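Participant: Take a look at the letters that make up each chain.
Protein chains: 2
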Amino acid sequence: MNEFALDATLASVSHKIGILRVCEVRLLDDTRWPWLMLVPMRPAMVDLHDLTAADLADAMEDVRDCAHCLQVLVSCDKINVGSLGNIVRQLHIHVIARKEDDANWPGPVWGFGKAELYQDDARADFMAKISKELF
Amino acid sequence: MNEFALDATLASVSHKIGILRVCEVRLLDDTRWPWLMLVPMRPAMVDLHDLTAADLADAMEDVRDCAHCLQVLVSCDKINVGSLGNIVRQLHIHVIARKEDDANWPGPVWGFGKAELYQDDARADFMAKISKELF
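Quick mapping for you: the protein sequence lines, in order, are chains A and B.
Numbering of the first sequence is given in this note's numbering, commencing with residue 760 and proceeding in unit increments.
Numbering of the second sequence is given in this note's numbering, commencing with residue 760 and proceeding in unit increments.
Rather than coming from a laboratory, the hints here were simulated on the basis of the structure.
Remember, it's a predicted structure, so these values are computed and weren't measured experimentally.
Even glycine gets a Cβ: it sits at the ideal position worked out from N, Cα and C.
Treat each hint with caution, since some may be false.
Claimed, not checked - To spell it out: a stretch of chain A is covered by chain B in this simulated footprint if at least three of its residues, at any positions, have a beta carbon under 8 Å from a beta carbon of chain B; those stretches are:
#, stretch
1, 819 to 827
2, 830 to 841
3, 864 to 871
Stated by the list, open to error - Some residues of chain B that are not near chain A, with every Cβ distance over 10 Å (derived):
#, residue
4, L779
5, R791
6, A812
7, G841
8, A874
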């Protein structure tokens, strides 16, 4: 009953790469942006401040690792980090690599246009690179 | 030379309320959303992961305090937290109270429409309430 279970909508738009300190790390299935989603594996979390101080600090170290990973793997001008949850309430944190010529620069990625899905082999290749860098 | 100085654009759109563990807390001058901006008082910071682990953990406890403060003071359905920096690169963290009938729900606040400025007395009153709650 009181165990962590990934929200079905979050699951449907992303693919699991692995687990860091407290977060499950997933790749958003959208080629427009290199985009990781971190889901703290604690039950009944909605806002960042629902986490204990220790879990919040760990989650932010997970964010740090994911941001570094994207900076190593892709060319980017800025990392965007956000936890909104207006549509899906289960706590999740976005870590996104932005470029000054990307689809909605300098605006946010959320709510912009429609996801452009990866080809299976391209997604598998990118996930393998992320996994090698992170774990 | 190597001291923290608030970016002029960030200063121009917001008003200082006070200082928490590591962040200067400012009210965004936009009545559309109860919106706090936290600026970690460290020089040359751009991304969240430029902060040391200790400073990042402290900054997130500052975020926690600001989120709680907004939840106490205003009616809201969700807290949004984001660090984008696509326009102003100095590291800053947004903490925003959202309502399901607000101006751009469930989309993000960034880049949406134009700020609607507070009347001086309404802004002063809100800042006083925030200050009393936070400090």
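Participant: Compare the structure with each hint and give your call.
Facilitator: Evaluation of the provided hints:
no.	hint	verdict
1	819 to 827	holds (count 6)
2	830 to 841	holds (count 5)
3	864 to 871	holds (count 6)
4	L779	holds, 13 Å
5	R791	holds, 15 Å
6	A812	violated, 6 Å
7	G841	violated, 4 Å
8	A874	holds, 15 Å
Comparing the model with each numbered hint stated earlier shows that hints 6 and 7 do not hold.
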